[in-house]
Structures are given as C-alpha cells and as structure tokens.
Amino acid sequence: MRKKKLTGILMSVLMTAGVMTGCSSESTGGGGDSKTIKIGANLELSGGVASYGQSIEEGIQLALDEINKKGIDGKKIELVKVDNKSEAAEATNGTIKLISQDKVAAVIGAATSTNTLAQVQIAQDNKVPLITPTGTNPTITMKDGKLNDYIFRTCFIDPFQGTVAANFASKDLNVKNAAVLIDSSSDYAKGLAAAFKESFESNGGKIVSEEAYVAKDTDFNAILTNIKSANPEFIFLPGYYEEVGLIIKQARALGITVPFMGGDGWDSPKLIEIAGADSLNNTFITNHYSSGDSDAKVQDFVKAFSEKYKGKAPDAFNALGYDTVYFLADAIDRAGSADPQEIQKALGETEGLSLVSGQLKLDENHDPVKSAVILEYKGGKQEFNTKVNP
Amino acid sequence: MEIIQQLVNGVSLGSIYALIALGYTMVYGIVKLINFAHGDVFMVGAFIGFYSITVFDLGFFPALLISMTACAVLGVLIERIAYKPLRNATRIAALITAIGVSLFIEYGTIFVRGAQPEAYPGNIIPAKSIEILGVKISTQSLLILGTSLFLMVLLQFIVHKTKIGKAMRAVSHDMDAARLMGINVNNTISATFAIGSALAGAAGVIFGVYYTKIEPLMGIIPGLKAFVAAVLGGIGIIPGAMAGGLLLGVIESLVSAAGFSLWRDGVAFVVLILILIFRPAGLFGKNIREKV
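Protein chains in written order, with the UniProt record's numbering: chain A, 1 to 390; chain B, 1 to 292.
Hints listed in this document are in silico derivations from the structure and should not be mistaken for laboratory results.
Source: prediction; values computed, not measured.
There's no promise every hint is true.
Calculated cross-link-like contacts (lysine-lysine; reagent style DSSO-like; alpha-carbon spacing at most 27 Å) [claimed, not checked]:
| id | chain 1 | residue 1 | chain 2 | residue 2 |
| --- | --- | --- | --- | --- |
| 1 | A | K378 | B | K136 |
| 2 | A | K228 | B | K84 |
| 3 | B | K128 | A | K270 |
| 4 | B | K84 | A | K216 |
| 5 | A | K228 | B | K128 |
| 6 | A | K76 | A | K197 |
| 7 | B | K128 | A | K381 |
| 8 | A | K216 | B | K128 |
Covered by chain B, according to a simulated footprint, are these stretches of chain A (three or more residues, beta-carbon under 8 Å) [stated by the list, open to error]:
| id | region |
| --- | --- |
| 9 | 59–68 |
| 10 | 246–257 |
| 11 | 352–363 |
C-beta atoms are modelled at their ideal positions from N, C-alpha and C, and glycine is treated no differently.
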C-alpha cells in the first residue's frame, strides 16, 4: 500500500513535468526528417503482461523489415520504443515522451485495454493518432457516446469476443448454466463478462454464480469452492494469463472438471507453464487469428515469421503487431504525408485492407469488423476449432 | 461440506502466512526491528529455488537448502550493511531503512532479470488431492502445513534450548548487559538474521512449488499479511506467528466464502487495526506494564 502511494505521487510529479515540456515545445508530432518517418511504440516490454508486448514488438519488427525494403514514397519508417512496464501510469508517461520529445507521427499503443486507456487523452489532446494492436475494450475508441477521433485499433472489440464465447457455449457445447469469474481490476475482463452474460442469457442460459478477484491474487481456492458448489456446466474466465493459469490449476485440484473459456488475454506460452498442460485440457479461447488457418495470407506470414524468429510459430499478438504496422503504413501511403492529422484522416477511411487477421473495415466507431477464431487447448497446444464471422 | 472445504482452504493459505511470519516474528523478538525486507528475502528465495531447479536441474530438497543458505547470507549482509550502523539510532530510522532495503531488493531484482513472472516446473513434488468426505485436500498443502509446524518447533527449540538461543534472549532482554556478560552481540544478531532469512528463503521455495507463479513483487502482499499474522499472534512470540497465520488464512477464506472476495485484503488489515486497538500485545502476548 505504502509503495503504491509513493509511486502515485512520483508519477503525478513526473506527469506534470511531462505535460509542461509538452506545452513548451512548438509543435507536436510531424515525425522524422525527409528520409524517415518516425513512429512510436508504447508496449509492455516488461512487467506482468510482458509476453504480450514482446510478441507485438516481434510482429512490428517483421513488418518494418518488409516495408523498409521499399519504403513509403522512398521514406523509411523509424521505430521509437518505450517500455510501459505493464503499468498504466508508465504508459501515460511513455506516450507523453513519444509525442513531445520524439515527435512521432503516430503511436502504436499498448497491448492491454487498461494501459491503452491511460494514453487516450494524451493522444487526443496532442492530435496524434494512436493505434492499439490488441486493446479490445469498447471505451478506447468511444467514450460516453463520443468518438475519440484520433484513436484506432487493429483488433475486434470485447462485446464481440463475449458474444462469440456465449454462442459457442450455448450452441456448440450445449450448456444451460454457467459461472462467470472476473478480474474486477481490469476493464477488459469486465467488458467481456458483460457481453457474455447478455448473450448467454438471451440464448436461454442461466448465470448460476458470479465471483470476482483482483490482479496479483495468488490463492483462489475460496472463490473456486463457492463456484463449485453452484454446480455450473461451464465457467467463463475472461482474465489475463498470470491469474488464469493459477485459477485453472487450483480449480482442477479442487475437482472442477467443467470447461473454462476466456478471451485473447489467455494467449501466452506462460499460461501453459503456470497451469500445466493437463489442467488446460477442456478449455477454450476466442482469438484474433490462428496459425492453423489455411488462408494463404496467414500461411505466408507464418512462413516469414518463423524464418525471422528461428522456427517460432506466431501467436495472435505477433499477427496483430504485424497487421498494425501495415494498417498504419497503408494510411501513411494514402495520406502521402507524415503529418499526424493527415494520417488520422486516412486511417479513418481504411476499407477492405487485407491483413493476416482478416479483412479490415472500420465501422463508424473506428472499430474493425472482422472474424474471430475459437481455439481449444489440447495437451498444452492450441488447436484451431472454428472460425466465426461477425 | 462447503464450509469444511473453505476451512481447509483457509488453513492451507494460512500456513503460508505462518511460514513467512515465523521469520518476521523471530527477528522482531530478538532485535525489536520490523524487518520490512523480509517479504523480499522471501521473493529472492523463491527465485534462487527456481533457478536451482531449472538451470542446475536440482531436486526439491537441494534447491530448498541452496535457497535457505543463500538467503541466510543475504540476511546477514542486509543486517551488516543497512541495520548495524543504525543500531543506536531511533526505531523509526531503522524502520524507514527497512522500507528502503525492501524497495532496493524489489527493484534491484527487476533491474537484473526484468519484471516478467516465472513458473515453477510442475513435476517437482507430485500434486495429488486426497478426498475425505467430499473435501479435497492437496498433498502439497499438507506438506506446507507440516513444514511450518516443524520449523516452528525447531525455532522454539533453537531459541529456548540452545546456547545461541540463550544469547539471543539475553541480547533481546538487554543488549548492553549482554555485552558485559561476554556475549558477542554482533554475532548473535547476525545469527538471528541468518536464521530468519533462511526461513524466508524456505517459504519462498515452498510458495513457488505450491502456487507455481513467482515474480519480483510477489513478496509485498504476503510480507504484509505475514506482518499482520505476526501482530495478530503477538509479535515476537513464535507459536503466536503460527496461530496468527492460520487464523488470518481462515478469516480470509471465510470472507471470500461469504461472497465478499474483493474485501478479502481489506478485512485482513481491519483485523490488524482491531488487534492494535483492543489487544496490542496480540493473542498470545502478555500485557507488560512498563516501569517508569
């Protein structure tokens, strides 16, 4: 507790300082000189969800290698990275630095919704476009019925993931009652859970138990015992991999054998290490993409990726990091300028752009309309189950 | 059945708190210093155990011993570098230094290896569940409870039956008088820190095996909870730490069972406040009047 407070004070001091430097500089953004276009990346390179940020970065690097072979109108893209340490306050600071010191033309935002939300206001105020590769919370682009016009994303949004999961539970797994276990400190988990509940109940299902935890908890036996006594046939668990791994491990030890299902927050190799391959059998996730998809675009990407990263198979974060760069590069190309405001306009007009994670088309809320896949964990491996179109 | 399962959950959670609280309370009992870095020594212990198992391919018991030894050395170093120069300073100066050491270890670890979590391999100790009348008890939580009880008895024995224990009690009673009696105060205090930190190291490895996930800031909350447990049982009293830890674990589980899982940590600290108001010496402590 004492540390949080101290960090809080330090952060606010730093932030004020950052904002002031922002004011004193003449213009913000504009990015690079005549040979390069500077873009920023504010990612979780360390901290609790470091595996997301690192994966996105790998995807970004691959895309930059490809694009910089030719360049955009003869200009190369230069990447400026900041590590937000998986903390919202650091994410805010990072974006202030990228915009006011490095003067980037656009920022590729954080992996998680919470850390992206921490940057939204800065990007809006400075009129620099911010694209989050994987921030799925609806309020990132739309707040209280008002569009955040400088904010974009490459992924689908939470309600869609929650709805897909609910339909999969009702129709494919034929379950009638489900429990929901939410990380109450995460906007992402709450968004998915709300959409899941709505769709599941309108499918005729019943939510028999609702429990909550907060990130960084390690002992879940008490709440899992509560859930067990409610006898659900299915448990929806839309958290992040660190806690999800522990929850599934402890649930299986308590004798809870029913399927668990979550969203893209599970997608990390650490999940398998933490939970153990056996515990993860009979669990499902909704995700943006699968390397098992037979689409030619996907297979080309898988090949290029495993050539660059020593045989590694790309996960959804790799794919969305990669796609985000192409999304941005396409807009810079059409704008014909590195001016943040021109890029913002071009991003908003994106239509029918073919990416690894599907055809990209933005709706009026800046949210991509695209397909989702359902993956099943079998023996510690993700297996492609079905593809769901919006 | 559910309530019994919740009690079992509480006891297994509480035995972790008890395990950490033992070292806490022992150091306080002898040196009268609340060693806030204890939770971080616990974290370092977990990481040393992890690297012994994964990098050097050792089994559970060698890893436990290596971790305990390394933490004992770390504890002595912390005492010699950070606390010894302040031995005659005010209590608050030593306390603030302890917080500083705690932050230093946490962020030092992040600096060295990054903040990403690690997962203990799952096959170190077979995880089985025994079922008694519909209540699931995991063998690992029995192991933790057993280890805590064993260490408690061992500590009691060391403090009350051995020569070094006698020296510790003498130093705790009156440092100057002890020195006049020919007791080497510095070595005695070092020994106290060595034993306390070795216990923290052991707790770290056991925590890692049981909960799988370890990370550089993992010591903060268990450290604070163990502090609450130590105060609950009466800080400085070894069986009190055990009882306080178990009681705190049970309270937390029952709070979650009643559907208030988000209030769990809050309740733990409310317990601390209540104890400090109504029974400042803790459950096992005696109220000693200070002579003026």
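Evaluation of the provided hints:
{"no.": "1", "hint": "A:K378 to B:K136", "verdict": "holds (25 Å)"}
{"no.": "2", "hint": "A:K228 to B:K84", "verdict": "violated (52 Å)"}
{"no.": "3", "hint": "B:K128 to A:K270", "verdict": "holds (23 Å)"}
{"no.": "4", "hint": "B:K84 to A:K216", "verdict": "violated (34 Å)"}
{"no.": "5", "hint": "A:K228 to B:K128", "verdict": "holds (19 Å)"}
{"no.": "6", "hint": "A:K76 to A:K197", "verdict": "violated (46 Å)"}
{"no.": "7", "hint": "B:K128 to A:K381", "verdict": "holds (24 Å)"}
{"no.": "8", "hint": "A:K216 to B:K128", "verdict": "holds (25 Å)"}
{"no.": "9", "hint": "59–68", "verdict": "violated (count 0)"}
{"no.": "10", "hint": "246–257", "verdict": "holds (count 5)"}
{"no.": "11", "hint": "352–363", "verdict": "violated (count 0)"}
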